[in-house]
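Visitor: What follows is the residue order along each chain.
There are 4 protein chains.
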Amino acid sequence: MSDAIQTAVIGVTGYAGAELARLLLHHPRLKGTPPVFAGRVDERDAERGGIPLGEIHPELTDSRGSGDLRLKPFSWELLSDLDVQVLFLATPHEQSRSWVPEALARGIRVIDLSGAWRLKEAANRAVYAFEDEGSAKAEEIQQQAVYGMPELHRRAIAGAKLVANPGCYATSVILALKPLVAAGLLDTEYGIIADSKSGVSGAGKAPTPKTHFMYAADNLSAYGVFTHRHTGELLEQISIGADSIIFTPHLLPIPRGILSTIYVKFRTPQKRAAVLHAYRAFLGQSPMVRLHEHGLPQIQHVVRTNYADIGFQLSPDGSRAVIVSCLDNLLKGASSQAVQNLNVMLGWEESEGLE
Amino acid sequence: MSDAIQTAVIGVTGYAGAELARLLLHHPRLKGTPPVFAGRVDERDAERGGIPLGEIHPELTDSRGSGDLRLKPFSWELLSDLDVQVLFLATPHEQSRSWVPEALARGIRVIDLSGAWRLKEAANRAVYAFEDEGSAKAEEIQQQAVYGMPELHRRAIAGAKLVANPGCYATSVILALKPLVAAGLLDTEYGIIADSKSGVSGAGKAPTPKTHFMYAADNLSAYGVFTHRHTGELLEQISIGADSIIFTPHLLPIPRGILSTIYVKFRTPQKRAAVLHAYRAFLGQSPMVRLHEHGLPQIQHVVRTNYADIGFQLSPDGSRAVIVSCLDNLLKGASSQAVQNLNVMLGWEESEGLE
Amino acid sequence: MSDAIQTAVIGVTGYAGAELARLLLHHPRLKGTPPVFAGRVDERDAERGGIPLGEIHPELTDSRGSGDLRLKPFSWELLSDLDVQVLFLATPHEQSRSWVPEALARGIRVIDLSGAWRLKEAANRAVYAFEDEGSAKAEEIQQQAVYGMPELHRRAIAGAKLVANPGCYATSVILALKPLVAAGLLDTEYGIIADSKSGVSGAGKAPTPKTHFMYAADNLSAYGVFTHRHTGELLEQISIGADSIIFTPHLLPIPRGILSTIYVKFRTPQKRAAVLHAYRAFLGQSPMVRLHEHGLPQIQHVVRTNYADIGFQLSPDGSRAVIVSCLDNLLKGASSQAVQNLNVMLGWEESEGLE
Amino acid sequence: MSDAIQTAVIGVTGYAGAELARLLLHHPRLKGTPPVFAGRVDERDAERGGIPLGEIHPELTDSRGSGDLRLKPFSWELLSDLDVQVLFLATPHEQSRSWVPEALARGIRVIDLSGAWRLKEAANRAVYAFEDEGSAKAEEIQQQAVYGMPELHRRAIAGAKLVANPGCYATSVILALKPLVAAGLLDTEYGIIADSKSGVSGAGKAPTPKTHFMYAADNLSAYGVFTHRHTGELLEQISIGADSIIFTPHLLPIPRGILSTIYVKFRTPQKRAAVLHAYRAFLGQSPMVRLHEHGLPQIQHVVRTNYADIGFQLSPDGSRAVIVSCLDNLLKGASSQAVQNLNVMLGWEESEGLE
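Chains as they are written, first to last, in our numbering: chain A, 1 to 355; chain B, 1 to 355; chain C, 1 to 355; chain D, 1 to 355.
Okay, chain A solo, but in the shape it has when bound:
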């Protein structure tokens, strides 16, 4: 097909990388042009042409084998030779900071799943302590970066060279709040509470004391209170002041899924229909968000789906609401949002390969 697009993925070994690979391998527009997988590969594996994907992620193989798909030794030449047009980075923050400039210089569009380029404000980035913070080059690239939430920035994403894919917690909270803020319903000065709970895959693949089964199982713990680095994304994307939201993440004893319980006060008491209307007005064209007209979503509704689900309950007097927002942290919270961004960037149907 003349319009075949060559993609590449760096960081396929992690949880989000594996889901991204699965989505891209089954994407109808990428049939016949599977992504290039590249990364650090030791000499012995390099000699055999890279590590077969099925050795890294057995679930990615089918009965016929996954054929020639291999994690190849990364080099910029490899990407050039294969004429890669879109590069997915599912890499640590620091790595994304240092690789993005080179990719852009080579004319490759980038969808970065890390936190490297999400934040416009230096104050909000402070928590990351990037090495190149403040450099002219970094500042220039930051200016080009588009926050990759199509529900908010569809048009800018379409033309973007660099898309900063949102954080998983941030996605669940922003999608629940932005429609109400945009409609002018919320008393944001009063303050918003976002009490979020995430499965263990959100903590990454590295074995640590907190990802040990004995720590996480049969437990629940709050962490990063007043200090979690996704807070900056909330402030910038919802356009509220730093004192206007308290975000508390918790570690759930489940593999995947996020549920955020969000507490808001309206400027004036609301009826259910008006709030539903605000959501529909904002999200009506957004295929990957499902509004629960009755009842509240729960984690089982969204795990292993590419959707974010939102529902709410009004207080009896209509002055307050409890909003519940759920998604799969590895999908709409990471990889499927990245594919959604790809679709928007290339002018494809936004939900292509995601339903």
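In short, the hints are calculated from the structure, not lab data. Treat the hints with caution; some may be incorrect.
[To be verified] EDC-like cross-link-like pairs, simulated, lysine to aspartate or glutamate; straight-line CA separation at most 16 angstroms:
no., chain 1, residue 1, chain 2, residue 2
1, B, K31, D, E355
2, A, K31, C, E355
3, B, K265, A, E189
[As the list claims (entries may be wrong)] What follows is a set of in silico ranges between Cβ atoms, one per label pair, in the way DEER data are often shown:
no., chain 1, residue 1, chain 2, residue 2, range
4, A, D83, D, E131, 34 to 42 angstroms
5, C, L276, A, Q144, 50 to 58 angstroms
6, A, S80, C, L276, 55 to 63 angstroms
7, A, K271, B, K210, 41 to 49 angstroms
8, D, E293, B, G107, 36 to 44 angstroms
9, A, Q144, D, E131, 58 to 66 angstroms
10, A, Q285, C, L276, 48 to 56 angstroms
11, C, K31, D, P92, 54 to 62 angstroms
None of these values were measured; they are calculated from a predicted model. Ideal Cβ positions, reconstructed from N, Cα and C, are used throughout, including at glycine.
Fit chains B, C and D to the supplied structure of chain A, relying on the hints for placement.
Guide: Relative to the frame of chain A, chains B, C and D by itself:
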């Protein structure tokens, strides 16, 4: 021993009843006078003198057998014959409503673990829809009932005929808030958020769609938003108005444990030391509450213990706090709090048999 | 399309029924002719044309809604009117016993997921105590039934009127053993041990004491020792005597997945290559079974896939082997095997809609 | 008390060490003489007299604090100064190999929870590859070591200088089999299958890919097939040949507990009463083993208890049996068995502090 106390337990078959039995059987003051266990027993079991406790709860037996302990057919005569002085009711609300009057009439002191007698205000009791609501008899008994949280009502419990043992969620929230309200630190008019999460044992032993493993496992769901019946306990015990607190319970995919994340605003910005001081001033004489001077408690700290654990984190400007309160819903949230009340009622050390 | 096939599903409300619906709705050969879903529907729902599928299984809906798909009130006329050619029964054993004769009489081919028609030998059926056991009609139908494991009976299934879809445990054990028995490698007289472990969905959707989260979680229990009704399937399909195999099922604290650990003795000591050869010879044309050439499969490899995975380890002297066989009890152990049978019955690619 | 015994524990930081500390701190005979906890401590902690136990294991503290209990910097002088008589080693195998000679030379009796000294036969020890294997000193100490299973070696343990506390899997299998072998009931030449399943705490506290929540949760995997190092203990203690037993461990998605399903053939068909009699004859004086006269034990029966539970089911013809043996791997599989050994060594009631 001349001061031997005869206790009785109705409702040993449930989760809280089993824990209560375990605590009473090991209580140093009750050595030699184990509680009487009574309840509904079919004819065949009645003929063999009741159901051996080990058949109901294998974990209550030891290698030597639990001997003569049996669940006997209930009758008031049985309690009279054995000279029962304190009766524990681990029974459904309606059953507690109808049995308590008779027990009190017979001069038996009662510790009721249900929600039957916890609420002073008729409006707060509406959610229970008690059949005898509004009757003079019920009103008279309600006046005598003491809310069984020793940290708040130690003196009244000591002399009480009827102790209404608190709800599990309510215990976790009240213990976290009352010390700060008592110290006058909180801006209660601003509003408080209590986002609580409980293990499945809190939903009881009856097999239902929501206690099915396939519903609860790998899931998280909010329920009873703005309508949960423990809310009334919060209002009455913390002494705040109905609009001043939003309480949202969630069902956690773990067997037991509650963690409440509570969001408060201070009247004026506070320093950590002042908040610690308020907690210490209120809870200093309370052996069953542990204050985390550093860090936050988590569910694994309290499961299978009789403690409630409390910790908090101040916002950078000191104007807000996130408080985390944990307990085991079957212990400090039910049975061990009942034993704590027993200790207070009988003038024993408050923590006896609980450490 | 002239060769459009109309299918129907009775029993969509259960776990296997839901997975079956999902598979059929996405089957490439059934695009445009979704299955008819029918069953017991109360009057009020009947009046609105049945229950929307999305109300029963929210995960079956997409953002655009699942449209007109409804669980309709069952009648034979409904099936006739819609010209249903293949009927899936995901119903209790007794219901399948009584409905199959009528369906066959009406010329509808049936794939029955229950245990109603799996067993040729009356002795093996005794455990089911079917009401019509021994009747001429039942005997006649039983003779027509084909055990629906394509890896063993591909040809007979292709022409079958009635396919008896195998039990979940039985599938995991038979697929592991049949290739070695067929190759004459096993000393079956010595005896075989099949120690199987299944997730809770295998126990069905009805809330019972054993499906209660508090029973299943953090637990493991053996049950049905020497008496489980899947044993008959093993005897008949592997063609061994009743004393030649001991099958012990266990309840695992996970939602889904079966792992069977199987212990065999060879007639003469074997090398790994010879055993691999026997598996390849038997399963080479079977797309839904994956042989692990190295290492052993585990439950995470197969959950939410349509495959059965098999691996083994030889004893140092080659006289014995430990075989590990895994599958998803709701998929290859039930619904995806049913779709595999559909594919074979209709002459389609065996793995169509399953990879 | 004149007969006060001073104990010490090396290795309190691990899971078994924490349980051992808990048991010793509550042991009635050790009231007033808590164990000394010693190990590697960095300089800063050494300066403050060691690490408070409550910082390492919050669950070991009570509301009053655990007072002066600290993990102190280890030195042999410390043990001498405090006149330590019994030393518990909850340390890695290699460390136990190197420390035991010194302890014995200093006249300290040792209970070693590692695998360092459990195996009499060099062939069975090969899997450990001890550095000092074959040295005269190691051989001399090995001769003195007594396998610390009181049910088998009560008398020898009473006089032992060095007790090698059994492996967790081995305990569950040996207790189930030894009574039947001792009674001459088993056809051991035919072969025994032990299919064992253990919770994740058995894999230790170090974060590794296999103890990661994402690997263990919702999964089941077999490992160490034909090669697990506990196999040697089975061979030596049950007194059977290397080809007579196949032992297969599996990793269960639960924190703690072992269930072994064991398959045996009798020399001649047996009746249930005869098998029960064999168990009672062997275990009648063993307070820490509970025989299930009816039904089978399951993991929930034993978790957080100090018991091993055993039950069995005969085949219809009485020629075979399936035995189910359960215990808590951290308790009867490690720390409570160590305390049981302590009791036997000091002539105390065997179950003291364990019921």
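Visitor: If a hint holds in the structure, say so; if it does not, say that too.
Guide: Status of the hints after comparison with the structure:
With a C-alpha separation of about 15 angstroms, the suggested pairing of K31 of chain B with E355 of chain D holds against the 16 angstroms cut-off. Taken as a hint, the K31 of chain A and E355 of chain C pair is honoured in the structure, with Cα atoms around 15 angstroms apart against an allowance of 16 angstroms. Simply put, K265 of chain B and E189 of chain A have alpha-carbon atoms about 14 angstroms apart, close enough for the 16 angstroms limit, and the pair holds. About 56 angstroms separates the C-beta atoms of D83 of chain A and E131 of chain D, a value inconsistent with the hinted range of 34 to 42 angstroms.
Checked against the hint of 50 to 58 angstroms, the pair L276 of chain C and Q144 of chain A passes, with Cβ atoms roughly 55 angstroms apart. For the hinted restraint 55 to 63 angstroms between S80 of chain A and L276 of chain C, the CB-CB distance of approximately 42 angstroms leaves it violated. At roughly 29 angstroms, the beta carbons of K271 of chain A and K210 of chain B sit outside the given window of 41 to 49 angstroms. Under the hint 36 to 44 angstroms, the C-beta atoms of E293 of chain D and G107 of chain B, about 43 angstroms apart, fit the expected range.
Under the hint 58 to 66 angstroms, the C-beta atoms of Q144 of chain A and E131 of chain D, about 59 angstroms apart, fit the expected range. For Q285 of chain A paired with L276 of chain C, a C-beta distance near 54 angstroms keeps the hint of 48 to 56 angstroms intact. In this structure the hint that K31 of chain C and P92 of chain D lie 54 to 62 angstroms apart at CB holds, the actual value being about 60 angstroms.
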